[in-house]
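For the protein sequence lines, the chains are R and P, in the order given.
Under the working numbering, the first residue of the first sequence carries the number 1, and numbering increases by one thereafter.
Under the working numbering, the first residue of the second sequence carries the number 435, and numbering increases by one thereafter.
Heads up, a few of these hints could be off.
What the hints assert, rightly or not - DSSO-like cross-link-like pairs, simulated, lysine-lysine; straight-line CA separation at most 30 Å:
hint: 1; chain 1: R; residue 1: Lys243; chain 2: R; residue 2: Lys212
hint: 2; chain 1: R; residue 1: Lys372; chain 2: P; residue 2: Lys597
hint: 3; chain 1: P; residue 1: Lys709; chain 2: P; residue 2: Lys806
hint: 4; chain 1: R; residue 1: Lys163; chain 2: P; residue 2: Lys806
For the record, the hints were derived by calculation from the structure and aren't laboratory data.
This is what each chain is made of:
2 protein chains.
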Amino acid sequence: MARVHECAAVVSVGDELVLGQTLDTNGRWMADRLLAAGVVVREHVTVGDDAARQAETMRRLASRVDVIVCSGGLGPTADDLTRLSLASAMGDELIADDVSMAQINAWYQARGRSVPPNAAVQALRPSRASALTNIHGSAPGLYAVLAEGCEVFCLPGPPREMKPMFEQHVMARLRPSPDRTVLTRVLHCFGIGESDLAARLGALMHRERNPKVGTTASEGVVSCRIRYEGPLRGEDAAEEIDKTEALVRRAAAPYVFGAEGQTLPGVVIEMLRDKGLTVGVVESCTGGMLGALLTEVPGSSAAFLGGLLTYSNEQKVSLAGVPRELLAEGGPGAVSAETAMAMARGGLARLGCDECLAITGIAGPGGGSEAKPVGTVWIALAGKGGREDCRRFLMGGDRGAIRDWSAKAALGMLRLHLAGAGDAPMLRQVSARP
Amino acid sequence: MARVHECAAVVSVGDELVLGQTLDTNGRWMADRLLAAGVVVREHVTVGDDAARQAETMRRLASRVDVIVCSGGLGPTADDLTRLSLASAMGDELIADDVSMAQINAWYQARGRSVPPNAAVQALRPSRASALTNIHGSAPGLYAVLAEGCEVFCLPGPPREMKPMFEQHVMARLRPSPDRTVLTRVLHCFGIGESDLAARLGALMHRERNPKVGTTASEGVVSCRIRYEGPLRGEDAAEEIDKTEALVRRAAAPYVFGAEGQTLPGVVIEMLRDKGLTVGVVESCTGGMLGALLTEVPGSSAAFLGGLLTYSNEQKVSLAGVPRELLAEGGPGAVSAETAMAMARGGLARLGCDECLAITGIAGPGGGSEAKPVGTVWIALAGKGGREDCRRFLMGGDRGAIRDWSAKAALGMLRLHLAGAGDAPMLRQVSARP
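Using the sequences and the hints, build the whole thing.
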């Protein structure tokens, strides 16, 4: 029982998952948390509501890993077979757990609901397993040790129940190897491509380096993951990570905007608040996505005042005061430096903000031309202090990707200015007109 | 080789997936496509960049399923081991495929790039496997038959390469059982809860019914999945599905907004276009999310004119013309029926649209009170024809969920009106003030 937990597997259970009707996000989340605790996940398996296959999966994994964490299949219906599967994998039988039954009754009573007849099955457990309290739902979890010494945790599928139970029950019982520390850190970048970043990181990315540095890209944000895995303990391991982080920050400057848990809009709102500045937006092709990003940050009202969605040309004139001649036949048109800049200046005047971002572009799939292909986007910034910037981008991908990237690029552009790096070029930027 | 494909497994390969750094979406997508073709997926497995483990996984699954579809591990770097794993699972050796090499060279040349030295490894294949052409990237796929007769497809990991290759190579070679038809259909609902819908569906949801009816809920949209699995062929099977669909539509009316591939904003834009109507938005707590939803629809400019993001009280007055006394001490306040209605009427007048939606609420985490707890959201609709509706909702979940639900509820409310069901109550609605 004092066996050390070096490696783990995660198992997701449910017909809706295996048939592809629902995307499983529990497996990724659990693997990330296990790694943070120093336990490396070797395999994820998703199986349907099939007790024989679940039990077979547990038995197979038990001979390969030290810990198995399952989610799903603990509900009260005939489809919920994880209790039975665990008993079968253990060669055990199910018994009623009185404490679980009392907790289930109390859970329903606290919500003013009568206990459904099938709730009692949720109090069953293999006789040699123990129940794990669930304070966010009616299904207790299960904990057992299989014949091979492999420990199994079974948690409910809904993430709002699974996550707190994982933190409470699983994290507390993990015994990562005392001879080996795993420490990870993440830095997020925006405005630089993954291959450019890799070139800047150079030897830092060698596979045999420790701490190891890797990059992943997701929806425009490129993240550097720094991972130390070795014999150093506590502060010594942290110091190794610190040193590598400093090198990564230097190599990736000025594009690093934050660390784990920080978002691009969150950082922009924080910088604005720190400087006592407010921001407004004037959006055409993004139709509100930039405002939506800024207001996803709790407390954004301290810095975000409002915006204008000038989707039609008429609205660009009437709401943002864009000169009608810019949009008329023979003028530069709605997707141009002139119009973008006029939108930003108009918003600055009409919204009463200190900084105003404007976006106008061609998100497609239609509307492109040879001179202005789909993906052409102008982003402008106008500030009360006289700050002005206007850049043309050529975004890739489909309509959704072009719009998403445009809204983030506007945030990234403002961030570079607020960080004193307003001159730095950005990924997909093709020209600038200051 | 004439073996029928009844069941399949999908395998996702990559350290970034198994360690939980990246969320795998390929597995769900492939399982969904396989089911649509009549092949049921029994298991998903995710493994790291480890040739022995990949080969072991293929061999294990080969004795359990008829088809394996892998994604990932076909790139040119030292981490990309799927070619080797497949050869090992087959007991075969790798040889260079001349056609693949020519295609790889052509792919780089077409992009004006020189062929990197490590690209040649992508032309390797097991001697008894065949290469699958990839027109969206440099990595060819692989197809082989394992000793057990199980067929294996290996596709690249990036979805924009994997998906077209799946359609081209995998779908064409599937041989679903001729004695058994699998047909699925999906109907999407908004404004009704999953348990309410289940109660309305009643006996339609019995597990032994064929076609089977199930529900899944994702971000406010509740979907009914109808699946026929049985001996009927072609039109006869389709007729069974049609009959069940009609029953589901009747039970779920007026909340069914569309079928597979349709989205709530897409349906709303389509209804507006059909009626020759335009829409505008005035958003407070959603900060642009409603505009963003409407404009995600290609061609939305035919119906969506623009909007006002009145996040601060000052903007509610200056942009939307909300009477200042509503927001003053002793007035009903920013989150009230009066203010929501004034925002909608102000937007209608100032945006020049036929219908205007307004949203004002408390998204949290701060700002709630006993009288107006976090999640309190008023949604108003004003139309040129004199249509007015104003409803109070109590949304659940965190800030993100409250905002997301609010933007969708506004769309759902407009849809009900456009469908002639403006009186129907909606999920989470607590009161209405017409």
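For this session: Verify the proposed pairing of R/Lys163 with P/Lys806, using a straight-line Cα cut of 30 Å.
Result: holds (29 Å)
Problem set entry | 30 Å Cα cutoff - pair R/Lys372, P/Lys597 | The given pair, whose Cα atoms are some 29 Å apart, holds under the 30 Å limit.
Problem set entry | Restraint check for R/Lys243 with R/Lys212, where alpha carbons must lie at most 30 Å apart | holds (12 Å)
Exercise. Is P/Lys709 close enough to P/Lys806, meaning Cα to Cα at most 30 Å?
Worked result: Distance of about 37 Å is beyond 30 Å: violated.
Of the numbered hints given earlier, the model fails hint 3 alone.
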